[in-house]
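Peer 1: Given next are the chains, with one letter for each unit.
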Amino acid sequence: MHPFLMALAGGSLIGLAATLLLGINGQVAGISGIVGRLVPPAPESSWRVAFVAGLVLAGFAWVPLLPDAFAAGDRSVFAVMLAGLLVGFGTRLGNGCTSGHGVCGMARFSKRSFSAVGVFLATGVLTATLFGLLTRGVT
Amino acid sequence: MLIAALGSGILFGSGLVISGMTQPTKVIGFLDVLGGWDPTLAFVLAGATGTHMLLRPLVKWLAPANVARGTPAGAGVDRNLLVGAALFGGGWGLGGYCPGPALTAAGPALESALFFVVPMLVGMGMHSAYRRRRESSSADATAAA
Numbered sequence: 001m002h003p004f005l006m007a008l009a010g011g012s013l014i015g016l017a018a019t020l021l022l023g024i025n026g027q028v029a030g031i032s033g034i035v036g037r038l039v040p041p042a043p044e045s046s047w048r049v050a051f052v053a054g055l056v057l058a059g060f061a062w063v064p065l066l067p068d069a070f071a072a073g074d075r076s077v078f079a080v081m082l083a084g085l086l087v088g089f090g091t092r093l094g095n096g097c098t099s100g101h102g103v104c105g106m107a108r109f110s111k112r113s114f115s116a117v118g119v120f121l122a123t124g125v126l127t128a129t130l131f132g133l134l135t136r137g138v139t
Numbered sequence: 140m141l142i143a144a145l146g147s148g149i150l151f152g153s154g155l156v157i158s159g160m161t162q163p164t165k166v167i168g169f170l171d172v173l174g175g176w177d178p179t180l181a182f183v184l185a186g187a188t189g190t191h192m193l194l195r196p197l198v199k200w201l202a203p204a205n206v207a208r209g210t211p212a213g214a215g216v217d218r219n220l221l222v223g224a225a226l227f228g229g230g231w232g233l234g235g236y237c238p239g240p241a242l243t244a245a246g247p248a249l250e251s252a253l254f255f256v257v258p259m260l261v262g263m264g265m266h267s268a269y270r271r272r273r274e275s276s277s278a279d280a281t282a283a284a
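Same order as they appear, the protein sequences are chains A and B.
One point on numbering: in the numbering used here, the residue at position 125 of the first sequence is 125, and numbering is uninterrupted.
One point on numbering: in the numbering used here, the residue at position 76 of the second sequence is 215, and numbering is uninterrupted.
Isolated chain A, as found in the complex (with noise of 0.2 Å):
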């Protein structure tokens, strides 16, 4: 398949399973907030470990089908230590991320959402494109 059409079904369980939840559990489906509130553990917070969980089992799950899905990046391990501690930090401090803002909030037309989406598109865009120019060199 295409990878456009693959991207768009996946996309489409994306939604579909932030649907369930939003439905089933009364829950937003906002992986930061629903990680963030596991550290330190929170009271009632059973659903988010089975969430979780659920997340990490499906990687499981899909690496003998499509083992080139978790081909790992070139960026080296400082950087995505460094990446790592910004984007902990970044959603909490901003209430969300690409599935809390960019799914769930912009599916019910938030204001917040929308500036958040906006937001870190803009510094997602130049950080990655900056760091292209410097490791490939300005040609």
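Be aware that a few hints might be false.
Covered by chain A, per the in silico footprint, the following chain B stretches (three or more residues, Cβ under 8 Å) [to be verified]:
#	region
1	222-229
2	234-243
Looking from chain B toward chain A, a few residues come up when the C-beta cut is under 7 Å (computed) [said to hold, decoys possible]:
#	residue
3	163
4	191
5	255
6	263
If you are wondering where the hints come from, they were derived from the structure by calculation, not from laboratory data.
Using N, Cα and C, we set each Cβ at its ideal position, and we do this for glycine too.
Given chain A, work out where chain B should sit, using these hints.
Peer 2: Relative to chain A, chain B alone:
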């Protein structure tokens, strides 16, 4: 309800794998607009947000109480939201992982996702510590006034 949360997590993670979000090179290929731009991610976002947008009214009709519970109170745009989003975007563009894909890739792509997931958890812990300090210092300021 636990089984529903587990099922939703598995479905969500499967969507991330199928769509290509667990590949940092693909994510960076979308964000790096001068490096042979790869538009795949736009299709993931369209599929995910579009599906949720279309199905939301149906769930609202079927389970109105749950939808009300899962809808955050409409706060305004503030500095924390913008600064947090800016920092997150910087990390996303640098490493090519956002929280969900990093967790789904953490098992199979150990060397990459674990170097990301552990610092991410540290960053989340740092935010909790930062917020506690701010709350206690603003309480001190109120007490002093």
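Peer 1: Against each hint, give a clear statement of whether it holds in the structure.
Peer 2: Okay, the hints, checked on the actual structure:
Interface restraint, the region 222-229 of chain B with chain A: holds (8 residues with C-beta to C-beta distance below 8 Å; minimum three). Coverage of a stretch by a chain is defined here by at least three residues with a beta carbon nearer than 8 Å to that chain's beta carbons; for the region 234-243 of chain B and chain A the count is 9, and the condition holds. Hint status for residue 163 (chain B): holds, given a least beta-carbon distance of 3 Å to chain A, under 7 Å. The beta carbon of residue 191 (chain B) is positioned within 7 Å of a beta carbon in chain A (closest approach about 4 Å), and the interface hint is therefore held.
The interface hint given for residue 255 (chain B) is met, as the beta carbon of that residue sits about 4 Å from the closest beta carbon of chain A, less than 7 Å. With 7 Å as the threshold, the beta carbon of residue 263 (chain B) comes within range of chain A, its nearest partner Cβ sitting at about 4 Å, so the hint holds.
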